[in-house]
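Colleague: The whole structure should be built from the sequences, with the hints applied where relevant.
These protein sequences, in sequence, are chains W and Y.
Numbered by my numbering, the letters in the first sequence go through residues 1 to 428 in order.
Numbered by my numbering, the letters in the second sequence go through residues 1 to 844 in order.
One thing to keep in mind: the hints can contain errors.
What the hints assert, rightly or not - Derived pair list, reagent style DSSO-like, types lysine-lysine, alpha-carbon separation capped at 30 angstroms:
1) Y:Lys842 <-> W:Lys64
2) Y:Lys441 <-> Y:Lys188
3) Y:Lys761 <-> Y:Lys833
4) Y:Lys260 <-> W:Lys32
5) Y:Lys395 <-> W:Lys292
6) Y:Lys243 <-> W:Lys90
7) W:Lys351 <-> W:Lys291
8) Y:Lys188 <-> W:Lys64
9) Y:Lys260 <-> Y:Lys395
Claimed, not checked - One-sided and incomplete, this derived list gives chain Y residues near chain W with beta-carbon spacing under 8 angstroms:
10) Asn219
11) Arg257
12) Asn388
13) Leu391
Stated by the list, open to error - Ranges between beta-carbon positions, derived for each pair:
14) W:Asn38 <-> Y:Thr117: 27 to 37 angstroms
15) Y:Thr4 <-> W:Leu35: 50 to 60 angstroms
16) Y:Glu184 <-> W:Asp117: 32 to 42 angstroms
17) W:Asp117 <-> Y:Arg60: 49 to 59 angstroms
The hints are simulated quantities; they were obtained by calculation from the structure and are not laboratory data.
A virtual CB, placed ideally from N, CA and C, is assigned to each residue, including glycine.
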Amino acid sequence: MKKLLCIILAVCMITLLTACGSKPKEKTAEFKPALDKNRECSITVAGSYDNFEALEAEFDRFNKTYPNVQLSYVKLDNYENILGTVLEGKDAPNIFFSYNWMIGNETYASVSGHMEDLSDAALGLDLDCIRPGLINHDADGRVLIAPVFSRTYGMLVNDDLFKTEGLSVPTTWTELLAVCEAFRIKGYASPMMGYSRKSSSCFMNTVAYPLFLTALAENPEALALANGLDPAAGEYMRPALEAVLRLIQNGCIDLSACDQIGDNYEKVILRFFEGDVPMMICTGDTVSGTKKRESKSEAFSKAPFNYSFAPIPMTDDGGYFIDSPSVEFSVNKDCDNLDMTNEFMRFLITKTELNEMASVKRLVTPTTDLSIDAVYAPFAQVPSDHVIFPEVLGIKDPLTVQIRVAAFRVGTGEITVDEAVAMYGSFK
Amino acid sequence: MKKTWVIIVNVLIMIVLLTFVVFYSNYENRNTAQRQIEHFENTTITMEHVTENYLEGEQRICDVWARYINSKEMTIEDAVSFIRISHVLPNASAHIVYLDSLSGLSTRAGQEASDYTVSYKRVDLLEDVSWISGIGESINISRAYTNPVNGEQSIAFCNFITLHDPENGTPSSAVLLRVLPISELEQKWVFPQEEFEKAELSMIDANGNYIIKGHSFKNSSFFEFYRSYNATDPASAQALFEKTTSSTGSFTMLNSRGEKCILAYTPFAATQGWTLLSFMPMNDLKADTENWLLISFVSAGLLILFVFDLSVMLHFNKKLQASAREAASANKAKTDFLSTMSHDIRTPMNAIIGLTTIAEKNLGDTEAVGENLRKITLASNHLLTLINDILDISKVESGKLNLSPQTFSIVETVENLLNLSQPMIKEKNIEFNFRTSRMEKEYIYADQLRLNQIYINILSNAIKYTEPGGRVSVDMREEESQKPGCVQLTYRVSDSGIGMSPEFMATMYRPFSRQVDSRVNSIQGTGLGLAITKQMVDLMGGTIDCQSEQGKGTVFTVILDLPIADRQRDDMMLEPMDVLVVDDDEILLETAIDTLESLGVTADHARSGLEALGMIMHRNKTGRDYSVVILDWKMPDIDGVETIRRIRTEVNSNIPILLISAYDWSDIEEAAKKAGANGFVSKPLFRSKLYDKINELLGTEVKSVEPENDYSDLQGMNILIAEDNDINWEIISTMLGMFGITTERAENGRICVEKMKQAAKGSYALIFMDIQMPEMNGLDATRKIRALDDPWASSIPIIAMTADAFSENVTECLNTGMNGHIAKPIDMKLVIKEIRRIKEEKRS
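Modeller: Spelled out as structure tokens, the structure:
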């Protein structure tokens, strides 16, 4: 017994002494480096975001393997217009934000010309970890752009408020109307809210766009007309516009209350955090700002609640998950340190890192694993036939302008649904 | 204290020490870190001055251009041309932008070589120009932005200028931007000190937005950066930001990697609301490296100390356990010994008591009583030996065995040895030889008692363990000693006894050890003799060696370096003469001849009686008779007595003949004298003995040798005996009375002194003084007597007669002024010897 005690004490001493000078080992990622880990170089990522903490966190994680690689994110002013110039200049970035609409667009021919084919097997990127509908192949079958976040449309739901009021989160259009009525009766003037001051990111578009895409998805001919901005496609907007109007007219949304919200991002979030809004209509981009603003909101800090982001149940079959890329990266194939740049991309384009980044940024992950963030859990429940990939469908950017402006103007009462239908193709 | 507690206390002490070292180290670290931080802050302030000078310099260039353009009423083309001429920096450029259209011209072309147009419409820089002051009023530096001409991240120094329409001269407001690439600036804008090479700089405006941003600074705003990676509440954060943008100082914060960093801040004096930030990880301050080394070193040292102490403690514990085992073993041995002693003591006691009872009942039967008394004496002597051995070993074990050296004759010692051993030798009919070689130094200064004990123990063991008819030989040799003033005495006793097993030999010097042997068990012994002998030999600085083989015999060799006494016999030289030595023992012959020649005589030798007879006859015929013939009694063909008889009858010579015998010659005395022997000499043949005997034989010097049973010299002596015990008094007075000595008793020391005071001169020949007595002990009484005025009384011989038998008691007695010591129970032979010695000393 005494010997055992001696041994235990000695082991404790040694453990204590050795613990003085050691640091806990950090868990290393499964990423296996292919280059010299002591390599010294710098990599720049250029984009339009003011802040990109999620990416900077990835820089730090990459530095655990390559400590001497200096990675930095640079925000470019007038991004879309200056990108071509920057790529040709001395400060050309290694990686840059890119958009699918740049592909095939003559204005961005020089930009496209710098894009590396990420599907090249030699690069070893795990593109299979990304949902196939988010990956765009050009005419030659190349993948010039890799999505790192996904964007979708829906509503922030104050789950605790529903529980408090004894109501269930609606999953069909009928339930939605009933829940709104119930909230209204309980004194909630605007059970649903959203940004309504400008057409950009207005709640009307968030409501209408998924319905419009649903209509187009069911009718390929109509899609062609819509992409061609043919007024004949205007009729396919009608159900979407009527739904917007009905929400307002039924008292689900108090437009005057929505007009109090100053912008389509921070103010929307802070309004939702006031805790008296059962449902706040917004895009995933807005949801990305919620985590950081929890501490900024005095109301939320005082009375925090559980919330989630769910599809708006615009049909009796439920809501739709419009799954489109939000932020996409291209590699400048003419940059310095291209091998290390591709090494970083190989590190980044994995389920682990993309999920990690989406978790930090609180955006929808582009990977096949949607359950990573509880806030987006409702979207993981959406059946596959209710998932629409605009990129796969072939939605062109001008089309999105038409439905956005039309929905905004109908929602604000500026024009009627009939007028909007007739004006398709003419909205700016 | 239990071992566990010792370990716990040790560990606690180590923890306390380590905690102290850690705390002290941390304290020192904090001080060092604080100094480093202060240094970092000061360097930041220096950097602010340097940066401000640089920015002011750049701004002044812009100011000069603006003043010149304004003074010359230039068109935009004129202004651009002027600046192109003035511009010297290769990577810098200038933009002139109309405030109304936010477009204008650049001094450098864009992607297309001929295109000098520039537009700031989408740059979000010049929509609000309230940050631009008048010329020379302040540094009008823009935030970092993307140069719309070449896409480089740049900053611009700005001034308002007025341009004129080339056609109508209408003035228009415009902004002149002196544009510098950030990359250019980054190369120059670094900390000068090497220790801060990893520090990074940023410049922020009053809202925390970066004007120039270092690599480690994240987000577009420093405030946002701080909030993103550091837990804080809005109020605290706001207070911190206000402090950061309005004062100089530093604080720690976490960077994007979760590392603790130091951020130093200082406001720009010349630019309202701007702040310079310096940022670096705390680890790079290198404040604690040495202290960790110290802690590690101390920890390792304490650990080694702990392990060492633990090992030593375990080692000592093992030794203690071994000692405890030995002590237990010794205790067991003692218990066994006591058990044996009880038996050994009870056995002679039983004999004494039993025989005394028998004697009492047979008082009328003189022969039976005599036999009983003889046996009682034997049992008493054995008991006395036992008690002496126990006392000796007790002293040996307590370390109190001291030596009491005195001058004595080694010849006497050997004689004593022989006297003591003769009875047993005789009884067991053992063939006994005692040879000496060159014993030149007769007087030795050593502890005679202990030396006797050593020699007797070894010899008595040899005799004891040799079966009847066996052989015991003693060789004593004197050699030169390495020690100055000493001789080396080698005492070798060999026997043909039962021998010893190797197992027993390994432990034979331990007290209470006796060989387990059926033959040995029948022999009386204490198991202490060898232990005592070994201790005494060690105490005398000698060696004892033993060679033994079971069934064949044992050889003990004791070698001692003994100091030579100052007193030696004068030069012993005989007159020149011829002496014949006859013995069948070659060694004796050799040593005897050697000894005789050293006495100055010519010695011949013969190995048998017949040969001696022949040689004597031959000498006789030639008229050269031997002066003395010394012959051995026991010889193979004809023994010594027969040889003497034949010499006397066949040669008809009166040659003095000495008969040598190793034994008591009383048995053959009569026959030898009748045969014509003139004298006897016992082995060993010491030089002095031969000298004395030959002189005595030739009548050169007559030694008065008292007949053994002649006590006439003691008749009429009166001795005072100080003895408190009635029985003891009765014994000593009766026994002395048997020798014709009268006695008077003093019951204690005081009475003894009184008697001496009152006694007439010569009343007493000497005093036998007991030591432990009531009223006044023997020592005090001796001191009083020695202090008496009467010279006779004060010098009267006093012999201690006491049961205090230890050597220190003897020494104490002699130191007190006594002349001798006799231990109780008394041996009358010793008493008589002591009386004669005193008498002899008085006569001389």
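Colleague: Each hint needs a verdict: does it hold in this structure or not?
Modeller: Here is how each hint holds up against the structure:
Distance restraint check for Lys842 (chain Y) and Lys64 (chain W): the Cα-Cα separation of roughly 113 angstroms exceeds the 30 angstroms cut-off, and the hinted pair is therefore not satisfied. Taking the CA atoms of Lys441 (chain Y) and Lys188 (chain Y), the gap is about 108 angstroms. The hint is violated against a cut of 30 angstroms. For the hint linking Lys761 (chain Y) to Lys833 (chain Y), the alpha-carbon distance of about 24 angstroms falls within 30 angstroms, and the restraint holds. A hinted pair counts as satisfied when its Cα atoms are at most 30 angstroms apart, and Lys260 (chain Y) with Lys32 (chain W) qualifies at roughly 28 angstroms.
Of the pairs offered as hints, the one joining Lys395 (chain Y) and Lys292 (chain W) is violated, with about 95 angstroms between alpha carbons and a cut-off of 30 angstroms exceeded. The hinted pair formed by Lys243 (chain Y) and Lys90 (chain W) fails the criterion: a straight-line CA distance of about 38 angstroms is larger than 30 angstroms. This hinted pair checks out: Lys351 (chain W) and Lys291 (chain W) have alpha carbons roughly 21 angstroms apart, not beyond 30 angstroms. Only pairs whose Cα atoms come within 30 angstroms are accepted, and Lys188 (chain Y) paired with Lys64 (chain W) is accepted, the gap being roughly 28 angstroms.
The suggested pairing of Lys260 (chain Y) with Lys395 (chain Y) is violated, with an alpha-carbon distance near 78 angstroms, which exceeds 30 angstroms. Among the interface hints, the one on Asn219 (chain Y) holds; its C-beta lies about 5 angstroms from the nearest C-beta in chain W, closer than the 8 angstroms criterion. Because the smallest distance between the Cβ of Arg257 (chain Y) and any Cβ of chain W comes to about 5 angstroms, under 8 angstroms, the interface hint for this residue holds. For the restraint placing Asn388 (chain Y) at the interface with chain W, the shortest Cβ-Cβ distance is roughly 49 angstroms, beyond the 8 angstroms limit, so the hint is violated.
Residue-level restraint check for Leu391 (chain Y) is violated (minimum Cβ-Cβ distance to chain W is 45 angstroms; threshold 8 angstroms). Against the hinted window of 27 to 37 angstroms, the Cβ-Cβ separation of Asn38 (chain W) and Thr117 (chain Y) comes to about 46 angstroms, which falls outside the hint. Checked against the given bound of 50 to 60 angstroms, the beta carbons of Thr4 (chain Y) and Leu35 (chain W), roughly 57 angstroms apart, stay inside it. Restraint check, Glu184 (chain Y) to Asp117 (chain W): a C-beta distance of roughly 34 angstroms satisfies the suggested window 32 to 42 angstroms.
Taken as a hint, the range 49 to 59 angstroms holds for the pair Asp117 (chain W) and Arg60 (chain Y), whose Cβ atoms sit roughly 51 angstroms apart.
Consistency note: the structure conflicts with the earlier hints numbered 1, 2, 5, 6, 9, 12, 13, 14.
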